[in-house]
Structures are given as C-alpha cells and as structure tokens.
Amino acid sequence: MSEKHRPDTDTSALARRGLPTFLLLLGVVLVAVNLRPSLAGFGPLLGQIQADLHVSAATVSLLTTIPLLCWGLLAPLAPLLTRRWSSETVVLLSTALIAVGALLRVGPSLRWILLGTGLVGAGIALNNVLLPSLVRRDFPQQIGLMTGVYTLAVVGGATLASGLAVPLRTALGGAWRASLGVWAGLAVLGVLAWLPLLSGRHLRRGPVTTGGPSVWRNPHAWPVTLFMGFQALVFFTWLTWLPRVLQDQGLTPAAAGGLLALGNLVQLPFTVLVPVLAARLPNPRALVVGVSLLVAAGLLGLLLFPGTPPLPWILLLGAGCGSTFPLALVFIALRAAHPAQVPRLSALAQGVGYLLAAGGPFIFGALHDRTSGWTAPLWFLVVCTGLVLLTGIWVTSAKPSGRL
160 MSEKHRPDTD TSALARRGLP TFLLLLGVVL VAVNLRPSLA GFGPLLGQIQ
210 ADLHVSAATV SLLTTIPLLC WGLLAPLAPL LTRRWSSETV VLLSTALIAV
260 GALLRVGPSL RWILLGTGLV GAGIALNNVL LPSLVRRDFP QQIGLMTGVY
310 TLAVVGGATL ASGLAVPLRT ALGGAWRASL GVWAGLAVLG VLAWLPLLSG
360 RHLRRGPVTT GGPSVWRNPH AWPVTLFMGF QALVFFTWLT WLPRVLQDQG
410 LTPAAAGGLL ALGNLVQLPF TVLVPVLAAR LPNPRALVVG VSLLVAAGLL
460 GLLLFPGTPP LPWILLLGAG CGSTFPLALV FIALRAAHPA QVPRLSALAQ
510 GVGYLLAAGG PFIFGALHDR TSGWTAPLWF LVVCTGLVLL TGIWVTSAKP
560 SGRL
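Throughout the sequence shown, residue numbering follows the working numbering, covering 160 to 563 in sequence.
Don't read these hints as lab results, they were simulated from the structure. All figures in this text were calculated on a predicted structure; none of them were measured in a lab. All residues carry an ideal CB built from backbone N, CA and C; glycine is no exception. Any given hint could be a false lead.
[Unchecked claim] Label pairs and their calculated CB-CB ranges:
1) Val259 x Arg444: 22 to 30 Å
2) Arg439 x Leu331: 27 to 35 Å
3) Thr180 x Asp528: 48 to 56 Å
4) Leu549 x Pro235: 24 to 32 Å
5) Ile552 x His213: 42 to 50 Å
6) Ile552 x Ala330: 45 to 53 Å
Generate the whole structure from the sequences, applying the supplied hints.
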C-alpha cells in the first residue's frame with residue numbers, strides 16, 4: 160500500500176492538525192446529539208399538531224418525511240462540498256442550518272413549519288455523512304468504539320427530545336411550537352463546541368480523504384444501502400407514530416411520550432456494545448438475525464396483544480432498533496474498500512437509504528387514514544422488518560473484500 164493511501168493511525172491525523180483528542184470527541188458528541196431531536200420531538204405532539212393544523216395523518220407525517228427526503232437527496236452533496244471546503248467547515252455550517260431551521264419551525268403556519276423542517280433536514284443530511292467519515296479518519300483503529308460513541312450521542316438526542324416534548328409543552332403554556340423551538344438552543348451549543356476544531360489553515364483543507372477506488376465497483380454497496388434504508392424506515396416510522404398508536408390504546412399523551420422516551424433510552428447500551436461486537440466478530444450475521452427478531456417481536460406484541468401493557472413491546476423495539484442503526488454504520492466503515500471510499504459509500508447508503516425510509520411514515524399514516532385503525536400499518540412495519548433481516552443477511556453473505 161502506498162503512502163498516499165495508507166490509513167492514518169489513531170492519533171496522527173489529530174496530531175498533524177495540532178488538536179487534542181478530547182476536542183474532537185466533544186465536538187462530535189454535541190453535534191451528533193442534534194441529529195434526531197427534530198424528528199423525535201414530533202411524535203408525542205403529533206395529535207395536537209394535527210388537530211391545530213387541521214390536516215390528515217398522511218399530511219402531518221410530512222414533518223418526518225421531509226427530513227428523510229432531505230437526508231436522501233442531499234447526502235451526495237457532502238463529498239462534493241468537501242472538495243471546496245474542509246469537512247470541519249461543512250459540519251459547522253450544517254449545524255448552524257439546523258439551528259436556523261429549528262427557529263423557523265415555531266412559525267405561525269404550516270408553510271413556515273415545513274420550511275424550517277426542510278432546513279433542519281438539510282443540515283442533518285450533511286452531518287449524517289461527514290461525522291462518521293471524520294470518526295473513520297481520526298480513529299481508524301477504534302472504529303467500533305467510536306461508532307458506538309457517535310450513535311450513543313445520536314440516540315441520546317432522540318431520547319431527550321421524545322421524553323421532554325410533553326413536559327416542555329406543559330411548562331411553556333401548552334405551546335407545541337415553543338416545545339419544538341427549544342431545540343434550536345441545542346444546535347447553537349453544537350456550533351460553539353465545533354468552533355475550536357476550525358482554524359485559518361484548515362478552512363479549505365479539502366475532502367476527508369482522497370483517492371481510492373470508485374464506490375460503484377464495491378460489490379457490497381447495494382446490500383449496505385438497502386440495509387440502511389429498511390432499518391431507517393422501520394425506526395423512523397415507529398418513532399413518528401408510536402405515541403399516536405399508544406394514545407388510541409388509551410394512554411395519555413404524557414404516558415405515550417414517556418414510553419417513547421423509554422424506547423429510545425433502552426437503545427443506549429446497544430448503540431455502544433453492538434458496533435464494538437460487530438467490528439470484532441469474524442461475521443456479524445448472528446447479530447443481524449438477533450436484532451431483527453427483537454424488532455419483529457416488539458411489533459407483533461403491539462399488533463397481537465393491544466390490551467396488554469405495552470412496555471415490554473416498546474423495550475424490544477428499542478433494543479432492536481438501537482442495534483440496527485449502529486450495525487449499518489459499521490457496515491459502511493468495514494465494507495468500504497479504502498478509507499477514502501467511506502464518505503462516498505456513506506453518501507450512497509444514506510442517500511438512497513433515507514429516500515427509501517422517507518416513504519415509511521407517510522405510508523403508515525396513509526394506511527391509518529384508509530383503514531381507520533393500526534392493524535394494517537403495523538403489519539406493514541412487520542414486513543419491512545423482514546426486509547431488514549434479508550438485506551442484513553445479504554450484507555454478511557456477500558463475497559468478502561476482506562473485512563466481514
């Protein structure tokens with residue numbers, strides 16, 4: 160392997176930039192924690208939002224669908240932008256865009272809310288691609304552990320937003336707009352934490368890495384992409400609609416939001432342990448099967464036993480989905496043929512994957528509008544979970560390029 164293409168050691172990339180490791184860790188965590196509150200904060204408030212805006216379930220689902228569309232359509236822009244500006248600069252500007260969008264979402268009409276939601280989605284789309292690439296570049300010997308730290312921050316943000324949505328609304332006089340607008344402050348905090356990672360000599364550094372083979376020649380690209388897409392579809396659909404399902408089963412909005420928060424909270428240990436284990440196993444196929452079965456069991460519990468306490472089913476859903484997302488990120492890192500290919504494979508997997516996932520919340524809401532119940536929508540998610548299992552087996556069965 161030539162010097163140009165040799166992966167960095169754990170500290171060399173940071174050392175060349177004259178930065179202590181803890182600054183990058185702090186920046187990654189505080190930016191990553193902003194990548195889910197924009198979606199997770201909607202679920203517990205969805206009933207009130209739908210009633211106040213006088214729209215259908217399919218229409219209100221656009222508040223989740225639009226960010227996912229942005230993640231899919233704009234993900235390929237991330238590698239292109241890093242040809243002109245450093246990845247650190249793009250991450251900073253993207254996080255600032257999240258803050259601006261979060262403020263616009265407190266606007267008086269659906270038009271302003273959708274505009275703000277689109278800006279938030281655009282900012283997240285770029286950070287979704289670039290943050291894992293920075294982790295791979297600066298911590299190549301600790302991919303599993305650092306992927307765990309990154310996903311822990313992402314899921315932690317979702318847990319905060321889902322758990323605090325209703326209490327914030329209550330504390331702010333029943334205003335759901337104010338409850339959503341609070342998260343602009345978290346994005347500003349992410350901007351401030353990221354600023355030390357920039358300096359004059361790094362503003363135009365160019366891409367995270369250069370060179371390497373084309374992503375289109377990677378035989379693992381499409382299996383990884385489809386796994387990313389189907390696991391995201393399942394996760395973001397129940398993240399959006401679970402509180403409404405639980406409220407129709409007799410729970411209060413506060414109780415439904417609390418259960419959603421627990422579903423996110425239980426993900427935390429899995430987001431750390433699963434990527435570490437996946438990076439160490441010769442083949443993580445058993446992990447794919449196990450976590451897919453956890454998600455399916457949770458969905459089938461909600462579907463077949465609606466009169467029972469929902470807590471066990473929520474915990475199963477959380478444990479399963481808290482594992483599939485970090486698995487997708489590990490697959491991107493380990494199935495890339497070269498460190499330079501990571502951002503391009505990430506852009507492909509997240510670009511196509513999130514476009515696929517964007518249909519989930521909308522289809523779920525449309526099925527509810529058509530059937531006036533939750534049976535057909537939940538069966539839809541069970542089928543999609545089966546596709547998570549099949550694509551995961553495909554990822555781990557593809558002829559090896561040396562890593563899985």
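Now the hints, each set against the structure:
Between Val259 and Arg444, the C-beta spacing of about 43 Å breaks the proposed range 22 to 30 Å. Under the hint 27 to 35 Å, the C-beta atoms of Arg439 and Leu331, about 46 Å apart, miss the expected range. Between Thr180 and Asp528 the CB atoms are about 50 Å apart, so this pair conforms to the stated range of 48 to 56 Å. Roughly 26 Å separates the CB atoms of Leu549 and Pro235, a value that falls within the hinted 24 to 32 Å.
For the pair Ile552 and His213, the supplied restraint of 42 to 50 Å holds, since their beta-carbon distance comes to about 45 Å. At about 47 Å, the CB distance of Ile552 to Ala330 agrees with the hint of 45 to 53 Å.
In this structure, the earlier hints numbered 1, 2 are contradicted, and the remaining ones agree with it.
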